[in-house]
Each structure stands twice: as C-alpha cells, then as structure tokens.
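Novice: Sequence:
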Amino acid sequence: MKHHLSRGRPEPRRMGNAAMVVTMLLSLCVLTYIKARYCSTPFPKAAEEMEVVEIDEDYDSTRYKMSGPIGEEDFDPTRPTCYVTSKRSERCAAVGDIRVDGNHSKIYINPLDKEWKTKPYARLHDAVAMDDVREFTLIPFGGGGENDTVVPPLCTRNHSVPAFLFSSGGFAGNLYHDYTDVLVPLFTSTHHFGGEVQFLLSGIKDWWVDKFTPLFKQLSRYDVIDVDNDQEVHCFPRIFIGSTFHRAMGIDPSRSPGGVTVSDFKRLLRRTFKLERAVASRHGAPRRDRPRLLIISRKSSRRFLNERAMAHAAAMARFDVRIAEPDNHTDMPNFARLVNSADVMMGVHGAGLTNMVFLPSRAVLIQVVPFGGLEWLTRVTFKDPAKDMDVNYMEYNVSFDESSLRELYPRDHFYIQHPYDVHKKGWDAIKTVYLDKQNVELNLTKLTNTLEQARSLLPEP
Numbered sequence: 001m002k003h004h005l006s007r008g009r010p011e012p013r014r015m016g017n018a019a020m021v022v023t024m025l026l027s028l029c030v031l032t033y034i035k036a037r038y039c040s041t042p043f044p045k046a047a048e049e050m051e052v053v054e055i056d057e058d059y060d061s062t063r064y065k066m067s068g069p070i071g072e073e074d075f076d077p078t079r080p081t082c083y084v085t086s087k088r089s090e091r092c093a094a095v096g097d098i099r100v101d102g103n104h105s106k107i108y109i110n111p112l113d114k115e116w117k118t119k120p121y122a123r124l125h126d127a128v129a130m131d132d133v134r135e136f137t138l139i140p141f142g143g144g145g146e147n148d149t150v151v152p153p154l155c156t157r158n159h160s161v162p163a164f165l166f167s168s169g170g171f172a173g174n175l176y177h178d179y180t181d182v183l184v185p186l187f188t189s190t191h192h193f194g195g196e197v198q199f200l201l202s203g204i205k206d207w208w209v210d211k212f213t214p215l216f217k218q219l220s221r222y223d224v225i226d227v228d229n230d231q232e233v234h235c236f237p238r239i240f241i242g243s244t245f246h247r248a249m250g251i252d253p254s255r256s257p258g259g260v261t262v263s264d265f266k267r268l269l270r271r272t273f274k275l276e277r278a279v280a281s282r283h284g285a286p287r288r289d290r291p292r293l294l295i296i297s298r299k300s301s302r303r304f305l306n307e308r309a310m311a312h313a314a315a316m317a318r319f320d321v322r323i324a325e326p327d328n329h330t331d332m333p334n335f336a337r338l339v340n341s342a343d344v345m346m347g348v349h350g351a352g353l354t355n356m357v358f359l360p361s362r363a364v365l366i367q368v369v370p371f372g373g374l375e376w377l378t379r380v381t382f383k384d385p386a387k388d389m390d391v392n393y394m395e396y397n398v399s400f401d402e403s404s405l406r407e408l409y410p411r412d413h414f415y416i417q418h419p420y421d422v423h424k425k426g427w428d429a430i431k432t433v434y435l436d437k438q439n440v441e442l443n444l445t446k447l448t449n450t451l452e453q454a455r456s457l458l459p460e461p
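The numbering of the sequence shown is our numbering, which starts it at 1 and goes up by one.
Hints listed in this document are in silico derivations from the structure and should not be mistaken for laboratory results. Accuracy of the hints is not assured; some may be wrong.
The calculated label-pair distances, taken between Cβ atoms and stated as ranges, are [said to hold, decoys possible]:
#, residue 1, residue 2, range
1, 384, 174, 16 to 24 Å
2, 252, 456, 15 to 23 Å
3, 103, 174, 26 to 34 Å
4, 431, 105, 28 to 36 Å
Listed next, the in silico BS3-like pairs over lysine-lysine satisfying Cα-Cα at most 30 Å (straight line) [what the hints assert, rightly or not]:
#, residue 1, residue 2
5, 299, 425
6, 425, 274
7, 431, 387
8, 106, 117
9, 424, 87
10, 205, 299
11, 424, 387
12, 114, 217
13, 217, 205
14, 446, 87
15, 383, 424
16, 437, 425
17, 383, 299
Treat the numbers as computed from the prediction; the structure is a model and nothing was measured. Where is the CB? At the ideal position from N, CA and C, for every residue including glycine.
Put together the whole structure using the sequences plus the hints.
Specialist: Printed below as a string of structure tokens:
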C-alpha cells in the first residue's frame with residue numbers, strides 16, 4: 001500500500017519552529033494518507049480477490065427467480081421483438097431456435113417476423129456513446145416464404161439457459177457510466193434469472209471485465225462469453241438483448257422483476273466485495289472513537305488545491321481521515337472495502353463519487369459543486385441516486401473566491417456573471433469552462449462547519 005503524497009499548496013507559516021514540529025507530529029499521529037492503487041498491475045488475478053464469499057444473509061438472488069410472468073423483462077409474444085423500454089434503452093426478446101454468430105454480429109432466429117437491428121447499450125439518446133457500440137442484426141429463418149432462403153450456420157455449442165447480450169462499449173470505463181449505463185440496468189434486467197443465464201458481452205476490454213467479474217459471478221453461474229471474437233455458433237432456447245434503464249444509478253421497483261430496488265443492488269455489492277459494514281456511525285467503526293472521512297482525490301481537473309490543509313482541518317475536527325485517488329488501475333475489492341469503512345465521503349463532482357455505492361447505509365456523501373451554476377448536473381448524477389441508496393447527501397458549493405477560475409477571469413467576466421447563459425451553449429461549453437479548467441481551494445472554516453453538519457447526520461451507535 002502506497003502512501004498518498006499531497007499535491008496541495010503549502011500553507012503559510014504562522015507559528016514558531018517548536019509549535020510547527022508539535023503540529024506536524026500530531027498530524028502524523030492522526031492522519032493516514034493512502035493512495036488507492038493496491039496492486040502493481042491493472043489486472044489483479046489473486047484467487048482470494050476473485051473468490052465470491054456470501055457474507056450478507058439479506059440478499060439471495062434466487063429469492064427473485066420467478067416461474068410466472070415477470071413484466072417487462074420477460075418474453076411477451078404480443079410485443080414486437082425489439083421495443084423501447086425508456087428514452088435511453090431498447091431491448092429485444094425472442095424464444096425458439098436461436099443461433100448467435102457473434103463474430104459476424106448476426107443472430108439467427110426462428111420464428112421471427114422480420115429483420116431487426118439493435119445496439120445493446122442503455123444510452124440510446126446519445127449518438128456519441130452509441131457510435132462506439134457494436135450493432136447486431138436479428139435475421140429470421142425458416143417458417144416459409146422468403147425466410148426459407150436464409151441458411152443459418154450450424155450450432156457448434158448448445159446451451160439450455162437463456163442468453164443475455166449487452167455491451168461495455170459507449171462510455172464504459174468511466175465509473176459513473178459503468179454503473180449508470182451498464183451494471184445497474186444489467187442487475188435490473190437479469191437478477192431474476194437466479195444465475196441461470198449466459199452473458200454475451202460485446203465491446204470487451206479485458207481490464208474492465210476483470211474489474212467486474214466478481215459481480216458478474218453473482219448474476220450468472222457461467223463465464224462471460226466475448227461475443228465479438230468468439231468463433232463458436234452458440235444456440236439458445238431464449239435470448240434477451242439490451243438492458244432496461246430506469247434512471248441514473250437507480251431502479252424503479254414498480255417496473256423491476258420482483259420489485260427490487262437499489263438497496264437490493266447495494267446488498268449484492270456487499271456480498272460481492274465482502275463489505276462488512278451495513279450501517280455508518282457517528283463514532284465510526286468498532287474500536288474507533290471518531291467517524292472516518294474519505295476524501296476522493298483527483299489528479300487532473302477539479303483538484304483540491306489545499307488537500308493537505310483540508311485533511312488537517314478534518315483531523316482537528318476529530319475525523320479519522322483517509323485520502324484516496326481511484327482510477328482504472330485501482331484494485332476494486334480493496335477500494336470497495338476502503339469506501340465501506342468510511343462514514344463520510346467527500347469529493348468534487350466527478351466519476352469518483354460513484355463509489356458511494358459501497359458506502360454503508362446512513363453514511364454521508366458531500367459533493368463539492370464547482371463554481372458555475374452546476375447544481376442541476378450534480379442533482380441528477382449523485383444527489384437523487386444518494387436518496388435511493390440510503391445515503392445522506394450534502395453539497396459544498398464552491399464560491400468564486402474558492403475557484404481557480406478567479407485566476408483566469410475577472411469577477412465581472414461573462415463566464416462568471418452569467419453561467420446559465422453559458423449552459424445554453426451546450427454541454428461542450430459547460431465542460432470546457434466549468435469542469436475541465438477549474439480546480440478548487442476550499443475555505444477551511446466553511447469546510448469544518450460542513451463536516452460538523454455531516455457528523456450530526458450520522459446515526460448514534
């Protein structure tokens with residue numbers, strides 16, 4: 001485990017050397033800086049990291065397995081083969097003689113009314129994302145008429161369970177999109193199979209699959225098939241293509257099989273990554289006399305410029321402080337356990353806050369909102385999902401004086417005085433001005449007050 005090295009600005013010296021030494025020793029005693037890169041390679045293979053241990057008795061995927069009708073996630077012969085389930089998602093469902101020639105992006109189906117084309121990624125409204133998603137063609141064969149001229153390939157591997165085809169293309173690789181576009185919709189759409197489903201994954205990135213294999217093993221008893229590159233013709237009795245999207249990192253229990261919720265998804269994550277803490281506490285975990293604060297660090301834009309001073313202020317406010325910088329190379333099981341150990345998690349708006357899925361119930365998420373009228377963005381991405389996850393939500397709104405934009409633009413500049421007019425120019429303008437070019441230097445008094453409010457939200461043990 002590597003110690004985190006702060007990149008913050010040095011604080012001005014306001015005390016004598018002796019007092020400074022005492023302060024430094026105190027800081028060393030109460031602070032532990034860590035960097036969340038727990039392995040030397042992005043592909044951890046240790047058996048103990050891949051083993052799935054059931055430690056949460058509350059979650060049982062077989063509990064939701066159904067033999068009767070299961071609503072929108074089941075095959076319904078009265079529906080078209082492919083249909084829109086939300087503004088962001090489309091699914092196709094078929095029963096019969098189904099032959100998947102994934103290497104050629106073709107799925108032969110008998111019976112099938114006509115040819116269909118689909119991209120199995122829950123971001124239909126986003127042309128940029130969908131450009132990076134492979135399209136599959138559903139081809140009818142047999143049944144008389146023109147279909148008799150279609151000669152499907154012979155089966156080389158037969159399966160007795162249904163297939164579920166989805167993609168990790170698009171924006172997958174960004175943790176927020178991993179959960180919003182892929183993992184939560186996948187859980188919603190497949191948990192009721194009780195593991196009796198074969199995943200066919202398009203757009204495979206090896207490091208990405210390795211990262212989430214423990215989760216896939218909770219949803220399917222079978223190894224994921226790389227459908228784009230597999231040379232077999234896989235034959236199934238049923239197939240489902242595309243996950244159903246409800247809302248960002250959320251599930252509508254009235255539409256989900258078995259009425260499952262995001263809380264069920266969180267319990268699945270606890271089981272998958274061996275997370276011990278179910279509920280946060282004002283006094284922290286057992287054998288700690290203070291709550292733990294996890295600061296999510298960033299190394300590019302939206303950095304904390306006074307990160308070290310922030311940690312020191314939090315420690316003086318009697319928080320056990322950790323700083324972590326997750327990225328695509330981070331060991332997921334270990335990082336999940338670090339987040340689960342926290343009672344309060346804090347970070348500037350960005351994908352790293354998605355790790356709130358590992359927080360114990362009734363923990364506090366503090367989202368630092370960059371200057372620029374971005375409250376609508378932070379609400380949709382993390383504020384609304386936090387409520388469903390039983391996480392207390394707070395915002396720290398960055399003022400102009402706390403923003404690095406003050407070094408780029410005068411206070412009377414158009415970008416500073418009229419951020420909502422900038423928003424009207426579209427996402428690229430918002431991203432360029434207020435996200436990519438902005439770092440933050442938090443006011444320590446304001447931060448301490450925010451942390452005291454967060455402490456008051458934590459439950460008593």
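Novice: Output the numbers, in ascending order, of every earlier hint that fails for this structure.
Specialist: 2, 6, 12 and 14
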